[in-house]
Amino acid sequence: MRGGLQKIWVTGLLIAASLVAIFPLLWMVSMSFMPEAEADAFPARLFPQHPTLANYADLFAHQRMGRFLVNSLLVASLATVLSLAFNVAAGYAFAKLHFRGREKLFQFLLALVVIPAQLTMLPLFFQLKMLGLLNSYAGVVVPFMASLFGIFLVRQYALGLPDEMLQAARVDGASEWMIFRRIVLPNLSPIIVTLGVFTFLAAWNDFLWPLIVLSDDHTYTLPLAIAALSQEHIQDSGMVMACATVTIAPVILLFLALQRHYVRGLLAGSVKG
Amino acid sequence: MTRALLRELSPGHVFISPAMLVLAVFFLAPVLGALIMSFTDFDIYTLADLHNLRFIGLGNYVSLLQTPLFWKAFGNTCYFALVGAPLSIMVSLAMAMALNVPGIGLKALYRTALFAPYVATLVAAAVIWRYMLDAQYGWLNQFLMVIGLRPVDWLGNPHLSMPAIILFSVWKNFGYNMLILLAALQRIPDDLYEAARVDGAEPWQRFVHVTLPGIAPSLWMVALLTVAGYFQLFAEPYVMTQGGPAQSTVSLLYFMYEDGFKWWNLGHASATAFILFAVLMTLSFLRPKSDEVFA
Chain A
2 MRGGLQKIWV
12 TGLLIAASLV
22 AIFPLLWMVS
32 MSFMPEAEAD
42 AFPARLFPQH
52 PTLANYADLF
62 AHQRMGRFLV
72 NSLLVASLAT
82 VLSLAFNVAA
92 GYAFAKLHFR
102 GREKLFQFLL
112 ALVVIPAQLT
122 MLPLFFQLKM
132 LGLLNSYAGV
142 VVPFMASLFG
152 IFLVRQYALG
162 LPDEMLQAAR
172 VDGASEWMIF
182 RRIVLPNLSP
192 IIVTLGVFTF
202 LAAWNDFLWP
212 LIVLSDDHTY
222 TLPLAIAALS
232 QEHIQDSGMV
242 MACATVTIAP
252 VILLFLALQR
262 HYVRGLLAGS
272 VKG
Chain B
66 MTRALLRELS
76 PGHVFISPAM
86 LVLAVFFLAP
96 VLGALIMSFT
106 DFDIYTLADL
116 HNLRFIGLGN
126 YVSLLQTPLF
136 WKAFGNTCYF
146 ALVGAPLSIM
156 VSLAMAMALN
166 VPGIGLKALY
176 RTALFAPYVA
186 TLVAAAVIWR
196 YMLDAQYGWL
206 NQFLMVIGLR
216 PVDWLGNPHL
226 SMPAIILFSV
236 WKNFGYNMLI
246 LLAALQRIPD
256 DLYEAARVDG
266 AEPWQRFVHV
276 TLPGIAPSLW
286 MVALLTVAGY
296 FQLFAEPYVM
306 TQGGPAQSTV
316 SLLYFMYEDG
326 FKWWNLGHAS
336 ATAFILFAVL
346 MTLSFLRPKS
356 DEVFA
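Residue numbers (my numbering), protein chains in the order written: chain A, 2 to 274; chain B, 66 to 360.
Mixed in with the good hints there might be a few duds.
[Unchecked claim] Below, a list of computed lysine-lysine pairs in the BS3-like style, where the Cα atoms sit at most 25 Å apart: (1) B/LYS237 x B/LYS172; (2) B/LYS327 x A/LYS130; (3) B/LYS327 x B/LYS137; (4) B/LYS172 x A/LYS8.
Calculated directly from the structure, the hints in this document are not laboratory data.
The following block holds chain A by itself, in its conformation from the complex:
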């Protein structure tokens, strides 16, 4: 009897909390479909009475939304591809290949975790200025190329690969590169998806570094675009909400599609603790 009461109470709490969690996001979508008069109405409205796509049309026609969307897609995709290229090979090597200095180097990398990325930003800005990479996609993705988190994540997963499998291939005369491509990569595919989703979302959502590197608004990613739009057009609430929707919806959808892989990565950082 008491168990039943507890269940009702907890279910009520979960429903209420879930509503609070998603309310701002739902309101964002709803408001993005409101004509100007409704979006500005007082008291604020929950649902549009006369839904319209005018805000989106306005964004793409007059605020270069298409350009920012393409910039964000390119930056996040490039960051993902580069991160996978660099970190999967390194993570696998730290787990399964023996080489001189491996343990010391790995301990060194572990010690670097405490250094915040922001510490590197001032000199890195100067470095990229010298290289002529300011206002370029390349400049934005530089911090994502090699990540300690990525190397640790892949290494942790690769430790579980059976040594016999790799040894058997070596006995058959396969080169290390062949083993990596034909045996290791397919077996690492779950963690590759995980690292891919993580990197894509992180690059898509990133703000401070793009803000520093990208000063020319042709190169803006969506977070920069919405920050600028909200400062210039805060009164056009419908349009700003449409911009927020274009920014947030892709990552929410990606997360929903690949939730399992994402949560695996999230927990990998803590479970061993």
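Let chain A serve as the given structure and place chain B on it in line with the hints.
Positioned in the frame of chain A, the structure of chain B alone reads:
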């Protein structure tokens, strides 16, 4: 010559070298660069011509400690981290425990909904919350009026601006720690609860004597990482308040960003970055030795 060298290297070296090279050039070198920069007067003239660089020893650090806005930013950041992080963790733990109650339907749905704010783009979410917190139209004030309180100017009042940002951050971030704590809760064996129940332990006693010890390592880790993360506050004040009103939401990173990239005092700003680093370093010493984050 090159061939001989290549034969000396084992395949492992070849596999790690691209990543190590990138880390060295774009991570380690800038860290050292920041250290050197923080002892120089690196400014807009130096950006134009490196010959204008002068070493000024601890000059930047001394001047920072005499800058009132730096102390304000430091205080604001501590306020945000030391109030916001515990609040956020409490919400995370409460939700994780609710999701861990057996026999409740649709858990996957609740979990996804509760986690959604964490995935949402921070800057865009902060923009939504500017409207949520609006002094006239905002839902938060409408809610206050429904329960009989007076509406307040959340982002316009220097005493309420930081609480408003904390409220937003708790909403935005609690989902992450919720999943980590939920995983920790699920690893506590049911027998322990059963035994406690047989011994006549009340729910609160079971929480203190079974749940808390069971999740203590995770909770400790979550607390350190969350406080460290909260010390890196930047986008929220940038979007929601521009550091105002009355500089009540200027954070260390916001101060560093304006100092470095608005006024181009890169040397001075590097010193701020190092002070932030020192705070995070100190925090990391509180980590129990046996706990490695990733390994």
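A quick look at each hint next to the structure:
1. A C-alpha spacing of about 20 Å is found between B/LYS237 and B/LYS172, which places the hinted pair at or below 25 Å, so the restraint holds.
2. As the CA atoms of B/LYS327 and A/LYS130 are separated by approximately 16 Å, the hinted pair is consistent with the 25 Å bound.
3. For the suggested pair B/LYS327 and B/LYS137, the alpha carbons sit about 19 Å apart, so the restraint of at most 25 Å is met.
4. Proximity of B/LYS172 to A/LYS8 is assessed by CA-CA distance (about 12 Å); at most 25 Å being required, the pair is judged to hold.
The structure shown violates none of the earlier numbered hints.
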